[in-house]
Amino acid sequence: MAHAFLLLVRRDLRIALRRRGDVLNVLVFFLVAASLFALGVGPSPELLRAMGAGVVWVAALLAAMLSLPRMFAADLAEGTLEQMLIAPQPLGVLVAAKIASHWLLTGLPLALVAPLIGLQYQLPADALAVLLAGLLIGTPVLSVLGAAGAALTLGARGASVLLGLLLLPLYVPVLVFGAGAVLAAQSGIDAGAQLALLGAFLAVSCVVGPLAACAALKIALD
Amino acid sequence: MIFSYAAPQAFYPVAGRMVPWFAWLAAILAAGGLYVGFFVAPTDATQGESYRIIFIHVPAAWMSMFLYLVMAGWAALGLILNTRLSGMMASAIAPTGAMFTFLALWTGSLWGKPTWGTYWVWDARLTSELVLLFLYLGFIALKAAIPDPQRADRAGAVLALLGAVNVPIIYFSVVWWSTLHQGASVSLTRSPTMAATMLTGMVLMALAAWMYSIAVTLLRLRAIIRSREGDAEWIRISAGK
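Listed in order, the protein sequences are those of chains A and B.
In terms of my numbering, the first sequence opens at residue 1 and continues consecutively.
In terms of my numbering, the second sequence opens at residue 1001 and continues consecutively.
Treat the hints loosely; a few may be bogus.
To be verified - Sample of chain B residues facing chain A (criterion: CB under 10 angstroms; computed from the structure):
#1 Ala1144
#2 Ala1145
#3 Ser1173
#4 Thr1200
Keep in mind the hints are simulated off the structure, nothing from the lab.
Where a beta carbon is used, it is the ideal one built from N, C-alpha and C, also for glycine.
Here chain A stands alone, though its shape is the one from the complex:
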């Protein structure tokens, strides 16, 4: 099972590396969206510092959302997904591999680029560290719940817009705790509690998300 998992992750990463544009576009979107907020509200440092964490997190949610329709759609179109479903390995392995490669290709790069945006928003160094830590804990949630959303909208009309409507409300706790941790650090409060809550939400999502994704894949390919 571990072998199948690694094989699937390696396959997805290799495909992504051959089509580097798809991965880079999400990152560029993230940077552009985050910069637009500053253009919208003006360059006052106090204002930017107050909203920096929220802007980074909202832009990360939207960027992750943009990349989600591709999670299963290409495999469905070429018929690979059906073969994976009838493979002897449990469906959970496939879903876990898809989640892992989605995070490696979207969540991880987003988290690593985010401190740059934080600098644009005048965040101090300790807040940047908390921002990075929060994104490293929180972006896996986006992939885990995102897998369920991507599987649910397989074959639906207007899947990419629909995904936002389905998933963004479910992402509310990630946004609240992730941005809240940075705000706490900025006002000199220990951010540990918020990061712990973010971790707890990740744990719950890891139980619920893959289950829902498996059920949804079975429904989509019924």
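Take the given structure of chain A and dock chain B to it, following the hints.
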């Protein structure tokens, strides 16, 4: 056995007979509740007459949350037992739930203007109610976007359950968020003791909202059954009469 009514064909006429009863009950209870609310209940000492919107607002807020759970319950039943009627029931409940959520938000903001001085406050309850509205809309949109009704029912069921698990987490995260951000400018100072007649009016209106929900859900369920099974012979026979 109750399971014999799980077939749309068997439930269709039963639902038709139940609708008028629940509709009349809703009308009578609402008339009584509105009378008590507007003519019997005393004027509130701190809020004046504007508090009277609670006779609509509170039942709507209750129903909005309760109906989501009922919807998720039917969805779970449909997934477990694979009954066709359950998915239709969930579809029939969703618009009513969304309507009550919207009504709760709307009346809440109308009450907020004279009381808080603003139509919208990012208060924990308002915000979580707004997220609940988004969850309802997502459910309705997902069902509408999947052409095959059976698949739409089951995908919608998975989404409803995912939402039901998340609702408490979202609620607590929003409570946390609003205590973190909100200054002391706004506080919900509802008087702790409520006159008995106010409570009577509210309970009557809540019961009316229940009866209305049942009547409308059953009516919508009949429409869904007809549109999905319109080609079946039994529908043509019952429509022909």
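Is the shortest C-beta separation between alanine 1144 (chain B) and chain A less than 10 angstroms?
8 angstroms, holds
Report holds or violated for the interface hint on serine 1173 (chain B), using the least CB-CB distance to chain A and a cut-off of 10 angstroms.
Constraint on serine 1173 (chain B) satisfied, holds at 4 angstroms.
Hint check: 10 angstroms Cβ-Cβ cutoff, threonine 1200 (chain B) to chain A
Interface hint status for threonine 1200 (chain B): violated (36 angstroms vs cutoff 10 angstroms).
Closer than 10 angstroms between Cβ atoms is the bar; does alanine 1145 (chain B) clear it against chain A? Give me holds or violated.
4 angstroms, holds
Hint compliance for this structure: hint 4 alone is broken.
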